[in-house]
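Engineer: Model the placement of chain B on the given structure of chain A, informed by the hints.
If you read the sequences in order, they're chains A and B.
Note that the numbering used here gives residue 484 to position 210 of the first sequence, counting from 1, and the numbers run on in steps of one.
Note that the numbering used here gives residue 67 to position 66 of the second sequence, counting from 1, and the numbers run on in steps of one.
Treat the hints with caution; some may be incorrect.
[As the list claims (entries may be wrong)] Some but not every residue of chain B turned toward chain A, in silico, with C-beta under 7 Å:
#	residue
1	R78
2	R89
3	A103
4	F119
5	F180
6	A184
It is worth saying that the hints were derived from the structure and are not from the lab.
Glycine is no exception: its CB is placed at the ideal position from the N, C-alpha and C atoms.
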Amino acid sequence: MISGYLITILITILIYAMLAHSLNIITGHAGQISLGHAAFFGIGAYTSAMLYAEAGFPFWISVPLAAVVAGIVGALLGIPCLRVRDDFLAITTMGINFVVEAIFLYIPFFGGAMGIGGINLPKWFGREMTKPEYFFLILVVFALLLLLDRQLGRSWIGLAWASIREDEQAAGAMGVDVVRFKVLAFILGSAIAGLAGGFYAHFLTFIMPQNFGFGQSIVILSMVVFGGIGTRWGPIVGAVILGILPEVSRPIMEYRTLIYGILLLGMMRFQPGGLLGAESILTKAFRRTIYRPSSPE
Amino acid sequence: MTLLDVRALSKEFDGLRALDGVNFTAEGGEILGIIGPNGAGKTTLFNLISGIYPPSGGEINFHGKSILRLKPHQVSRLGIGRTFQIVRPFQNLDVETNVLVAFGHRFYPSLWKSTGPFRQPETLREVQTLIERAGLGPYTKQIAKNLPLGFKKRLEIARALALKPRLLLLDEPSAGLRFEESAQLMELIRQVCNQGIGVLLIEHNMQVVMDLCKRIVVLDHGSKIAEGSPEEIRSNPLVIQAYLGKEA
Chain A
275 MISGYLITIL ITILIYAMLA HSLNIITGHA GQISLGHAAF FGIGAYTSAM LYAEAGFPFW
335 ISVPLAAVVA GIVGALLGIP CLRVRDDFLA ITTMGINFVV EAIFLYIPFF GGAMGIGGIN
395 LPKWFGREMT KPEYFFLILV VFALLLLLDR QLGRSWIGLA WASIREDEQA AGAMGVDVVR
455 FKVLAFILGS AIAGLAGGFY AHFLTFIMPQ NFGFGQSIVI LSMVVFGGIG TRWGPIVGAV
515 ILGILPEVSR PIMEYRTLIY GILLLGMMRF QPGGLLGAES ILTKAFRRTI YRPSSPE
Chain B
2 MTLLDVRALS KEFDGLRALD GVNFTAEGGE ILGIIGPNGA GKTTLFNLIS GIYPPSGGEI
62 NFHGKSILRL KPHQVSRLGI GRTFQIVRPF QNLDVETNVL VAFGHRFYPS LWKSTGPFRQ
122 PETLREVQTL IERAGLGPYT KQIAKNLPLG FKKRLEIARA LALKPRLLLL DEPSAGLRFE
182 ESAQLMELIR QVCNQGIGVL LIEHNMQVVM DLCKRIVVLD HGSKIAEGSP EEIRSNPLVI
242 QAYLGKEA
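Next up, chain A with everything else stripped away, as it sits in the complex (with noise of 0.2 Å):
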């Protein structure tokens, strides 16, 4: 039987690996800084505690319904975001990050700074899902976001993605439409990053305001770039790397934050892409070991 610290491990960074995997769509594949995704991470974790715990619906539907009100929330936060781009998106995105974490402490409807307690783990068969079981169930809707991930990449969605994150203005001389896109990222990413915010809900039975603060978006834009920013496994490796280290040593666990900064500046000084980008010393590697009997190009 797997013990409970490490299921524990296995769930947060099951959810980071979500969580990464979600910016990643803004990020990553639109190009789109966000540096306040946390916020959409606990608007999904509010809805669903207060869903379930204040109006009494079961797990089954409040977290489905994180989904969608994240969702909708990054649709209309993601229209002014629109109007803006690089280093002032960067930093509208932090504004809101700010003012939905303090919408959650000061407004007592909200539970304020004591948060809000009394979410359980979901039920099924007529009990209570134990923590293992609960793994699985997120490991499965998250296989499930993979498979969505890599049909978008091969579709014209993806294609318009990927022109947008190079080229703005060239995208719409092209036909595609850049707002329409751009919306249709950030509906996407928050929503799966609200859901990440229910799972974790229901996992921490209580959450709290300082749970999706500043810091924990860095935290996740970290993972995404440490992995390899816009590859579909990169943020996964960033969050499984990222999330062990603080694990493994009592001293990281206290620097956290400094020892996330520093990998950070070191990944962007030597390896913009990431562990898994394009080029990175891993990837090309890989891709000697992989090819070396064919013949040179």
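Structural biologist: Using the frame of chain A, we list chain B on its own:
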């Protein structure tokens, strides 16, 4: 019907008149040259036609329909392709994918159709034909940023042709090219025009303009100062003055 009809077109940027009451028409199968000194408003004209910014006044009709309030993606879907003065291929995508982006203009309007896969055999065949027409056949899988400038310019034309355009706006296609590169590009433009596509050509190289165009519009300080055949333009005193300045 007239392909493109521009009437009294004006654009002001914070009080600066970049374009001031410009009139002209363009037809299919014709290369219309647009010349003028730096800052005459040539690129502004292209940006107004392609919907990058709204005009301050005037009309633009394409096939008898106003395109005045349309966004760039709507203008391009109607069949107006363009290239940029400073080339803007999708730098990290290969040649084929660059052209595919424009090929998708028929799918993007429907979200449902947009979910379909873009690498279909028949699509790729059509795209390959366009790439070969632009003389980029051997470079299909090359990443755009690694191409020399002349090829990037051809890639932009191939991409614009994937829109199945009726009008092509070419912003200084020969700038920065060696003589042979430029000659090849001009041949491509001539072929495009022979298929009945209308071409608006901004060009600084007078030799190129005089060779390719039967009709030329001259802009200076945002206004049209002359229009006519290359011979008429060459001998027009206003044009000479605009380019060389007034005699002291």
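Engineer: With reference to the structure, classify each hint as holding or not holding.
Structural biologist: Status of each hint after checking the structure:
1. The beta carbon of R78 (chain B) comes within 5 Å of a beta carbon in chain A, closer than 7 Å, and the hint placing it at the interface holds.
2. Look at R89 (chain B): its Cβ gets to within about 4 Å of chain A, closer than 7 Å, so that hint holds up.
3. The restraint placing A103 (chain B) at the interface with chain A holds, with a minimum CB-CB distance near 4 Å, inside the 7 Å limit.
4. With its C-beta approaching chain A no nearer than about 5 Å, F119 (chain B) sits inside the 7 Å limit, and its interface hint holds.
5. A cut of 7 Å between beta carbons decides the hint on F180 (chain B): the least distance to chain A is about 27 Å, and the hint is violated.
6. Nearest Cβ of chain A to the Cβ of A184 (chain B): about 26 Å, over the 7 Å cut. The hint is violated.
This entry does not satisfy hints 5 and 6, going by the numbered hints stated previously.
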